[in-house]
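These protein sequence lines map, in sequence, to chains U and Y.
Position one of the first sequence corresponds to residue 341 (the numbering used here), numbered consecutively onward.
Position one of the second sequence corresponds to residue 341 (the numbering used here), numbered consecutively onward.
Source of the hints: derived by calculation from the structure; they are not laboratory data.
Warning: the hint list may mix true and false statements.
Any copy, or any two copies together, can satisfy a pair, since identical chains are not distinguished.
Said to hold, decoys possible - Each computed DMTMM-like pair below joins lysine to aspartate or glutamate, with the alpha-carbon atoms no more than 20 Å apart: (1) K345 with D384; (2) K345 with D459; (3) K366 with D502.
Number of protein chains: 2
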Amino acid sequence: MNSDKPFVLDFDLLSGLCKSERVKPKYRYASDMRDQFLDKNAADMAIKAGNPLLYEFYGLDLPERDNVLQFGTTKIYPGKIGSEYYMTKGHFHTLLDTSEIYYCLRGHGIMMMETPEGDVDYREMLPGDAIYVPGRWAHRSINTGATPFVMFFVYRADAGHDYGTIEEKGFRRLVVEKNGKPVVTQNPKWL
Amino acid sequence: MNSDKPFVLDFDLLSGLCKSERVKPKYRYASDMRDQFLDKNAADMAIKAGNPLLYEFYGLDLPERDNVLQFGTTKIYPGKIGSEYYMTKGHFHTLLDTSEIYYCLRGHGIMMMETPEGDVDYREMLPGDAIYVPGRWAHRSINTGATPFVMFFVYRADAGHDYGTIEEKGFRRLVVEKNGKPVVTQNPKWL
Numbered sequence: 341m342n343s344d345k346p347f348v349l350d351f352d353l354l355s356g357l358c359k360s361e362r363v364k365p366k367y368r369y370a371s372d373m374r375d376q377f378l379d380k381n382a383a384d385m386a387i388k389a390g391n392p393l394l395y396e397f398y399g400l401d402l403p404e405r406d407n408v409l410q411f412g413t414t415k416i417y418p419g420k421i422g423s424e425y426y427m428t429k430g431h432f433h434t435l436l437d438t439s440e441i442y443y444c445l446r447g448h449g450i451m452m453m454e455t456p457e458g459d460v461d462y463r464e465m466l467p468g469d470a471i472y473v474p475g476r477w478a479h480r481s482i483n484t485g486a487t488p489f490v491m492f493f494v495y496r497a498d499a500g501h502d503y504g505t506i507e508e509k510g511f512r513r514l515v516v517e518k519n520g521k522p523v524v525t526q527n528p529k530w531l
Numbered sequence: 341m342n343s344d345k346p347f348v349l350d351f352d353l354l355s356g357l358c359k360s361e362r363v364k365p366k367y368r369y370a371s372d373m374r375d376q377f378l379d380k381n382a383a384d385m386a387i388k389a390g391n392p393l394l395y396e397f398y399g400l401d402l403p404e405r406d407n408v409l410q411f412g413t414t415k416i417y418p419g420k421i422g423s424e425y426y427m428t429k430g431h432f433h434t435l436l437d438t439s440e441i442y443y444c445l446r447g448h449g450i451m452m453m454e455t456p457e458g459d460v461d462y463r464e465m466l467p468g469d470a471i472y473v474p475g476r477w478a479h480r481s482i483n484t485g486a487t488p489f490v491m492f493f494v495y496r497a498d499a500g501h502d503y504g505t506i507e508e509k510g511f512r513r514l515v516v517e518k519n520g521k522p523v524v525t526q527n528p529k530w531l
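Hey, can you work out the whole structure from these sequences and the hints?
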């Protein structure tokens with residue numbers, strides 16, 4: 341994709357989806373995220389019972405340069421694996437100190453964030469909320485609502501994705517349903 | 341404003357406005373934009389008749405660093421000065437080759453763009469349209485509809501604003517109403 345010429349892509353404000361053939365959605369099913377959930381039995385049951393789609397997002401094919409901005413949408417479906425809500429894998433940026441902006445279009449969720457040093461922050465996101473995720477903060481989007489959780493995002497195209505400790509241990513905090521409400525708990529892998 | 345910690349700001353998806361006291365809107369009235377419109381008599385009449393608000397936008401007070409992203413909304417009201425639609429002043433980035441993303445939330449308009457060398461491009465924007473404005477392209481938002489034209493924007497916080505030739509001569513193309521429709525015409529100052 342040429343980053344020297346202007347171009348327009350339509351990301352539907354309600355569905356979050358893009359119909360352009362220039363943009364390919366990426367899909368993450370329960371099987372792709374099995375090891376990210378604490379309850380592996382629940383994950384295996386979900387995979388056997390149809391392997392639901394947890395989220396999808398768009399990545400453009402722009403040059404990874406510091407003067408280019410990468411953008412698109414992420415759409416997380418409602419649901420749980422065990423008591424944990426559907427969520428994205430989450431990542432640090434390879435260029436660790438680069439920031440990212442998410443703008444919530446629809447739904448209800450939480451942006452879970454942490455630094456390599458163990459600082460933790462999380463914010464509720466509702467339609468119209470824009471969050472500034474600073475450099476150094478890994479970030480994961482979690483759908484705590486009953487409808488799709490859709491956000492528009494922008495980051496520097498050279499930022500890169502680094503899964504670091506996330507693939508082995510996940511984030512330091514989990515978001516689980518208790519008595520019908522989302523509750524933030526300690527991830528026992530980090531105890 | 342601290343760019344090392346996450347923060348959330350609410351930009352209403354319908355009005356485009358932010359109620360947070362941490363963010364101050366900037367207002368551009370007809371009197372601020374008088375010299376940008378071709379028809380100075382019409383501009384003076386509008387100023388005398390109440391000096392209408394043409395647009396407002398939000399600027400955060402983030403450090404101007406290359407790893408920080410600046411974001412907010414711009415809201416252009418419907419109307420015309422003479423036959424020219426209400427529009428933003430438009431700018432190059434001081435770091436000329438840095439890009440910007442606009443995501444249309446509401447209304448109907450045109451993103452007018454040009455390079456210092458005289459390349460011209462313009463794109464219609466409708467709700468859900470995201471535009472990639474590459475580095476080197478000056479950009480101006482023009483409301484060609486009958487309702488407010490609202491966009492969410494993101495750019496590198498060190499990009500800066502350079503009005504360059506725009507303050508003297510404007511953009512190479514104008515968008516004017518002819519027979520009730522927007523038409524792109526040559527700016528006579530650039531002939």
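To see whether the hints hold, each was checked on the structure:
| no. | hint | in the structure |
| --- | --- | --- |
| 1 | K345 with D384 | neither (46 Å within a copy, 37 Å between copies) |
| 2 | K345 with D459 | between (40 Å within a copy, 10 Å between copies) |
| 3 | K366 with D502 | within (17 Å within a copy, 38 Å between copies) |
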